[in-house]
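Position 168 of the sequence shown, counting from 1, maps to 168 under UniProt numbering, and the rest follow consecutively.
Incorrect hints may appear among the rest.
[What the hints assert, rightly or not] With a straight-line Cα cutoff of 27 Å, these simulated DSSO-like cross-link-like pairs (lysine-lysine) come out:
#  : residue 1 : residue 2
1  : Lys220    : Lys42
2  : Lys195    : Lys153
3  : Lys110    : Lys227
4  : Lys153    : Lys9
5  : Lys82     : Lys55
6  : Lys192    : Lys163
7  : Lys110    : Lys153
8  : Lys192    : Lys227
9  : Lys192    : Lys82
10 : Lys82     : Lys115
11 : Lys42     : Lys9
12 : Lys153    : Lys163
13 : Lys163    : Lys82
14 : Lys220    : Lys115
15 : Lys42     : Lys55
16 : Lys227    : Lys153
17 : Lys163    : Lys9
18 : Lys163    : Lys55
19 : Lys195    : Lys220
[Claimed, not checked] Label pairs and their computed distance ranges (CB to CB):
#  : residue 1 : residue 2 : range
20 : Lys110    : Pro68     : 34 to 42 Å
21 : Lys163    : Gln46     : 16 to 24 Å
22 : Thr162    : Glu188    : 22 to 30 Å
Worth flagging that the hints you see were computed from the coordinates, not collected in a lab.
Beta carbons: idealized from backbone N, C-alpha and C, even for Gly.
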Amino acid sequence: MAAQVALRKTVTAAAPAGRHTASVIFLHGSGDTGPGVRDWIKQVLQQDLCFEHIKVIYPTAPERPYTPMRGSLSNVWFDRYKISPDCPEHIETIDPMCQALTGLIDDEVKSGIGKNRILLGGFSMGGGMAMHLAYRYHQDVAGVFALSSFLNKNSTVYPALTKDGTEFPELFQCHGTADELVLYSWGEETNKMLKSLGVTTTFLTFPNLYHELNRTELEKLQAWILKKLPEET
């Protein structure tokens with residue numbers, strides 16, 4: 001509960017221009033902040049990621065010791081043993097963060113936004129966090145997006161996707177072929193695995209793109225968001 005309260009205090013949001021009928025929760029990458037990724041998007045798009053009817057919410061991960069940085073404090077959604085798909089997930093930090101982020105989803109629902117009008121996603125670690133949040137705890141959200149992200153090979157996300165007739169949230173994924181931090185093959189493998197488990201996926205490849213955001217990618221994301229969360233008539 002304390003983590004939920006702390007997270008709410010960090011939120012920055014781009015309000016819709018008109019009547020608020022849908023929401024996007026955008027999770028930043030490791031070492032960044034909500035305002036940081038929002039500013040980065042503004043620089044790349046030359047405008048805010050804004051909509052007539054959709055609120056875009058940018059929370060900031062709490063500071064915690066981060067093993068890949070030798071235990072230095074960093075704004076990360078969870079810890080990792082290393083940045084690689086070939087190791088166990090740090091479930092003891094992932095699960096409490098899923099609970100804290102659930103508080104933000106609950107806030108939107110309480111304000112009158114249905115779960116089927118909420119999208120979860122993010123960049124890098126933020127995309128990985130969004131996949132855990134949606135596919136393990138909130139399979140009734142409108143969709144998930146993951147930019148330059150991956151899941152570990154033994155991810156707890158995969159067993160959560162049992163084929164019992166459930167329709168899983170659609171996944172929109174983008175990855176650059178020149179990404180030196182999160183390899184293109186890791187993102188591609190994650191997509192293939194989720195697709196094999198029944199998730200409807202889109203995987204867009206960006207030649208020569210490093211571990212970064214790209215204008216074309218963000219424009220395609222914007223179009224996908226509008227497709228998943230159209231204006232209510």
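*Go through the numbered hints given earlier and state which of them the structure violates, listing their numbers in rising order.*
Hints 4, 5, 7, 10, 13, 16, 17, 18 and 21 not satisfied by this model.
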